[in-house]
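Chains as they are written, first to last, in this note's numbering: chain A, 1 to 338; chain B, 1 to 338; chain C, 1 to 338.
FYI, nobody ran anything at the bench for these hints, they're computed from the structure.
Since no wrong hints were added, every one of them can be taken at face value.
Simulated pairs of lysine-lysine, DSS-like, Cα-Cα distance not exceeding 27 angstroms:
1. C:Lys262 / B:Lys193
2. B:Lys334 / C:Lys314
3. A:Lys334 / B:Lys334
4. B:Lys314 / A:Lys295
5. A:Lys314 / A:Lys328
6. B:Lys295 / A:Lys314
7. A:Lys44 / C:Lys193
8. A:Lys314 / B:Lys314
Quick caveat, the model's predicted, so the values are computed rather than measured.
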Amino acid sequence: MTVTLGEIAAEINAELQGDPTDEIINVASLHNSAPGDLTFYVNKRYLADLEKTRASAVVLAAADAPTCPTARLVATDPYLAYAKAARFLNPATQFNPGSHPSAVLDAGADVADDCYIGANSVIGEDVVIGSGTYIGPGCIIEANAVIGSHCRLHANVTLLERVEIGARVLLHPGVVIGADGYGIANDSGRWLKIPQLGSVIIRDDVEIGANTTIDRGALENTVVENGVKIDNQVQIGHNTRVGEHTAIAGAAVVAGSVTIGKRCMIGGASAISGHIEITDDVVITGMSGVPNSIKEAGVYSSGVPITDNRTWRKNMARFRNLDELARKIARMEKQAGK
Amino acid sequence: MTVTLGEIAAEINAELQGDPTDEIINVASLHNSAPGDLTFYVNKRYLADLEKTRASAVVLAAADAPTCPTARLVATDPYLAYAKAARFLNPATQFNPGSHPSAVLDAGADVADDCYIGANSVIGEDVVIGSGTYIGPGCIIEANAVIGSHCRLHANVTLLERVEIGARVLLHPGVVIGADGYGIANDSGRWLKIPQLGSVIIRDDVEIGANTTIDRGALENTVVENGVKIDNQVQIGHNTRVGEHTAIAGAAVVAGSVTIGKRCMIGGASAISGHIEITDDVVITGMSGVPNSIKEAGVYSSGVPITDNRTWRKNMARFRNLDELARKIARMEKQAGK
Amino acid sequence: MTVTLGEIAAEINAELQGDPTDEIINVASLHNSAPGDLTFYVNKRYLADLEKTRASAVVLAAADAPTCPTARLVATDPYLAYAKAARFLNPATQFNPGSHPSAVLDAGADVADDCYIGANSVIGEDVVIGSGTYIGPGCIIEANAVIGSHCRLHANVTLLERVEIGARVLLHPGVVIGADGYGIANDSGRWLKIPQLGSVIIRDDVEIGANTTIDRGALENTVVENGVKIDNQVQIGHNTRVGEHTAIAGAAVVAGSVTIGKRCMIGGASAISGHIEITDDVVITGMSGVPNSIKEAGVYSSGVPITDNRTWRKNMARFRNLDELARKIARMEKQAGK
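Generate the whole structure from the sequences, applying the supplied hints.
Below, the structure is given as structure tokens:
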């Protein structure tokens, strides 16, 4: 797709310093671009790459414009402006509606005419699929699931019975939505499974990464609100609610019956304990453990960063006796006071 | 399914304070119930919900009975009694035996007449499947695997060759059992793969959550004993043995050649190192690291809980020098002693 | 497969102390072996097993030879020598070339004549598959993917469009390669998805464990170099590069735009933050967090090992105030100095 710099500037609302008739073919990275490419600069670390870039134009902040050797698209938030340009130059892939002959559609399924159902996919009884939705190969949609319009389910997605998906939802391969929550009760040393009778509601404009799992509620529904973006290999337990426009990075684990607010950012490899509430606008940095509710917006951390192994061994020996160490200090302080 | 309160009281062995002929349709949550619902109360946090509940009856402890505005089922362990009631009101889904026409069954497979094999499932050579087992769509059962009676494999489960599954086992979508263990030997800087010749034995009444993986043993078998309940996205390495009635929560990682005892509870996002033993009745709280064997029953922890980011930064700066800090204290103590 | 001890000694380059015409059927563990078995001894913990072993021969170090009650294969690195023997006795499974009738091959796919394509697999447009490659059941290979020769894709592997796989690559079930990287830009509180236009390149002799995910690059490619061995449930973000002969253990999380050097060993359940570099020959022990670049080879750690829950509670109370504690010590030191 070829567009002019002027068209891009208008689309992304940036100030063009350059020839508006120059043609752009696609986006590229700073250090690996060629004429016809549009690139972006936001991180001082890559200043040398900016100075040498062969791209036709660069999206950047006003302060960085003077260092740029080529045409510039000056924007307040260059990363966002670049994102918009990349979307403009790479519209969603089109597909021909229909069903692959190997797909298995239940006679009772209600699939809009302009959908595509991929090879070896299985669409169960009374499933409803909205207009313009693409179901890739190997997907399994169980009975009574409802999928909105203009969704894209990549290969090997599994939606279990009664799960509801909104509009423009993007599900990557290996996603499992609606498996039973982990509900067990102890009966004299044996575990009794508790029926998981709720479902999962995924609202509009949600994206869910590869091999992420979201369990159905025990009695009520597990809910993921509008605009939530979830990375790969995330686990979300039963009855949990994820608020609008929250982002959850890779391999984070959210236990059951958690309420996460709006516009939160949950770092990768974090773990959030069950039955707690996290208010709006909370940022949890990577690999943090969240055992209790968070009632104030802000940034929270607990990840322990590496040191060389020798220092770590010594620190850990002390750490195991930290309470004793603190008591010792208290005693010394008392004695000194005398 | 409609039953009377009297029938439920008898089934779950609870004392009924109310009309035994009242009809119950299903279980529901305290705050979102209606006449015809049975609910339960175990957590003081939900006292306000109890006082306003519209349910027909509530399962609770004797001490809480006076606060309950409606019929009560008084039980010693109300959560367990509720679990039993939920199971009574929601018996396992029935299915019509047979094979979907798109399923691929090897001529040498031995599948009991009353099983169901779902759409696009693949049943390999000499596989044996016991009476009353349901294999959902998209499952792949490789050669010589053996599945017991009354199991349920949800969609997209993969069992590799020779894996053995007991009776009444429940496997959720994306489960992979019997992939090669991670066995490599270093040969002058290159890794040589070591053949993984063992298998996996899953015994009776085991439940395994979505996208959990259990590797085959190197020489012997990986074994999961009776009644073990494993949540989603758990990883269990080769040669590991999980004892009876142990529960492993979401995203826990158990390395290879680990022996876990009976009735243990492994918290979510925990990691257990290889070649260690954990005795019976051990509780590991969430996000803990277990580098060494545990020889005594009890509760063990290492997860580091979050603080606000500013405090965390300061604490971490000190933590990196914890050994130095402890030495300083020792010196001060010595000096004070003089 | 039956071979003589003499043939094995020659194959693994070990010194035979025993009868070279003795026949070996397969490898087995020390404590569970029988005549006809070859086993190995590398860990003093298993000395009692060595003394009682019923195996026909044992691979071990020279120093341990005297304790061995049966024939010995003495090697400098007994574990490596055992690995070679196990490979010699268990050559790769053969298969008959062809396609299962239920496989779906696009007319434009270019599949070598001696490949096998399993039941219900889907091979997309213009896919290229090299000589001697085995694609198991339920695999989905999207358009324009390229797979080298002598690869083995177990069941239910998903390769997305344009992904490139080298020769002799082994992919376990549930692997997803080439899903979109987690690229989002914030637009006034809403997340805008950034198109992920790169791909994934997996080079030769790589092994990737069950349910591991490797995302496609945003603009450039995500790259896994020759000889890398990745365990189960690992997540590798977009644009990341993993150097030759690096090993990544189970459930490790590598964020985006990370460069990992050659011959590194990343411990299980570790998490590596985005946009950092780890030099060659770095060992990260299990459950460590790596927030910054590592510029020197060596062993690094941060995992916090468990203590009993009571000690942990007390230590954590102190830990939350570690900075205050350190300040108190500084004050006491100052005062003592006066």
